[in-house]
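First to last, the protein sequences are chains A and B. Okay, so the first sequence: first residue is 1 according to full-length UniProt numbering, each after it adds one. Okay, so the second sequence: first residue is 1 according to full-length UniProt numbering, each after it adds one.
No lab work stands behind these hints, which were simulated from the structure alone. Heads up, some of the hints might be wrong.
[As the list claims (entries may be wrong)] EDC-like, lysine to aspartate or glutamate: derived pairs with alpha carbons at most 16 Å apart:
hint, chain 1, residue 1, chain 2, residue 2
1, A, LYS209, B, GLU198
2, A, LYS209, B, ASP36
3, A, LYS51, A, ASP6
4, A, LYS209, B, GLU9
5, A, LYS192, A, GLU9
6, B, LYS209, A, ASP6
7, B, LYS209, A, ASP189
8, B, LYS48, B, GLU9
9, B, LYS209, A, GLU9
10, A, LYS192, B, ASP189
11, B, LYS209, A, ASP186
[To be verified] Chain B residues, not near chain A, derived (Cβ > 10 Å throughout):
hint, residue
12, SER35
13, LEU95
14, SER139
15, LEU202
[As the list claims (entries may be wrong)] Far from chain B, some chain A residues (derived; all Cβ distances over 10 Å):
hint, residue
16, PRO16
17, LYS48
18, VAL87
19, ASN94
20, ARG108
21, GLY124
22, LEU130
23, GLU137
24, ALA158
25, ASP164
26, GLY169
Think of the CB as a built atom: it goes at the ideal place given N, C-alpha and C, for glycine as much as any other residue.
There are 2 protein chains.
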Amino acid sequence: MPALPDLPEATVARLPEYLRALHNLAENNHETVSSDWLATAAGVNSAKLRKDLSHLGSYGTRGVGYDVALLIEQIEYVLGLTHRRSVALVGVGNLGHALAGYDGFATRGFRIAALFDADPVRVGEEINGLVVRHVDELSRVASEESIAIGVIATPAAAAQRVADLLVAGGVTSILNFAPCVLAVPDGVDVRKVDLAIELQILSFHEHRKASLTALPAAGESPLTALSGGLAATDPQEAIGT
Amino acid sequence: MPALPDLPEATVARLPEYLRALHNLAENNHETVSSDWLATAAGVNSAKLRKDLSHLGSYGTRGVGYDVALLIEQIEYVLGLTHRRSVALVGVGNLGHALAGYDGFATRGFRIAALFDADPVRVGEEINGLVVRHVDELSRVASEESIAIGVIATPAAAAQRVADLLVAGGVTSILNFAPCVLAVPDGVDVRKVDLAIELQILSFHEHRKASLTALPAAGESPLTALSGGLAATDPQEAIGT
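Kindly produce the complete structure, drawing on both the sequences and the hints.
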């Protein structure tokens, strides 16, 4: 297997969007796509898209664009989607049920191989053909089933223990929905989805939009109005979405 | 109201983690915190934390660290959490139920003010004291209730229409869980949480970890093994989590 290039994290996050748009094109029998069209479909500007794809050695053809089937193959290879990956889902409350039923996983080669919970009421429940097991079995099953990715949908108080059990079972990638920071060894990747944080980021932008339309009070410097002060700084990067 | 500084997006994303750790400290009667301790609790390195907080004009005291109560006040102000923000949740399937019941919202001043769905079976259901309304009422209710943030937890096919209705009702911030890209006017911020994309990002890292432990086949250049080629490039940034 050739060594894969190290890609900027932001590029890695955009590749799945390109892939989704490309699959839609393929389903509608398009054989080529321009960078402008693909960029719009993925919600990015086309210069960024061309830069991203150049990392994969994909440059398109002037006047024609990219070959859809080839680009799909290249992106799926780089994202490792040509290998089916087994996923363990831990925590089968509302969020766990939502994740267990999420269509988008299976179409990208992710197979939810096992479900776990600590609540005896939930253990034994059947969801989408899988029977929920007790979390005490997690390390053993993760190891036996060669589970690559663990998804944590438990309360915060349980999450670190679950992470420890996943790591003990050989899992090296974790998707964490619990509102807490996990401690993991080097070599274990963690992605975090935190709903409260997403709302707070939106709140920041709302607050800033409101402040930009307001005037400072007469005689008051905008910079000292708060105890401790908020110093204006040079923006390091534009606020993007 | 003083004009708020424009902060790098990455800093904005870390402020809520600092806030969570600070609230834990305050609940345990700690009055000061060192940058090292706070950085560890938030899962970042302390130089990055100090840089982030300097954007707010917070520099700490040598040998002592930061004043917990003051830092909470500054971060809550910048994030706009001193204003209670009304949230509309659209789509009350499993994911919507999980979001509606998520404790972390209320503690940060976010009030789920209204629930909507297009399914007549779900309309009229009571969740956490709120009655689910039909999505046809969305624009009117969003306007009447001064809803600031819309959360879209619908299937992809419905999401753009819901976004249009939210925008028509005066909503300027959207948190999108549907696996699609939304088109919105300038001035409307969209944050996207896409579960399939998160798994694909993890898959990329898994694939790369596997490839780094494998050797190229004898006689084969790693760079040409794939049709179209994968060109090695200079990493622009380290893969972080």
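Would B:LEU95 pass as off the interface with chain A, using Cβ distances and a cut of 10 Å?
Violated: least Cβ distance 4 Å, not greater than 10 Å.
Satisfaction of hint between B:ASP189 and A:LYS192, Cα-Cα up to 16 Å:
At roughly 21 Å apart (the allowed maximum being 16 Å), B:ASP189 and A:LYS192 break the hint.
Taken at face value, is the distance from the CA of B:GLU9 to the CA of A:LYS209 at most 16 Å?
holds (15 Å)
Should the label of A:PRO16 as a non-interface residue stand, given a Cβ cut-off of 10 Å to chain B?
violated (4 Å)
10 Å Cβ clearance of B:SER139 from chain A:
holds (19 Å)
When you look at the beta carbon of A:LYS48, is every beta carbon of chain B farther off than 10 Å?
holds (12 Å)
Please verify that the nearest CB of chain A lies beyond 10 Å from B:LEU202's CB.
violated (4 Å)
The output says A:ALA158 does not contact chain B. Does that hold with a beta carbon cutoff of 10 Å?
Answer for A:ALA158: holds, closest chain B Cβ roughly 14 Å.
16 Å limit on alpha-carbon distance, applied to hinted pair A:LYS209 and B:ASP36:
violated (33 Å)
If I take the minimum Cβ distance from A:VAL87 to any residue of chain B, is it greater than 10 Å?
violated (7 Å)
Is the Cβ of A:ASN94 farther than 10 Å from every Cβ of chain B?
violated (4 Å)
Taken at face value, is the distance from the CA of A:ASP6 to the CA of A:LYS51 at most 16 Å?
Within the cut-off at roughly 14 Å; holds.
Hint check: violations occur at hints 1, 2, 10, 13, 15, 16, 18, 19 and 20; the rest are consistent with the structure.
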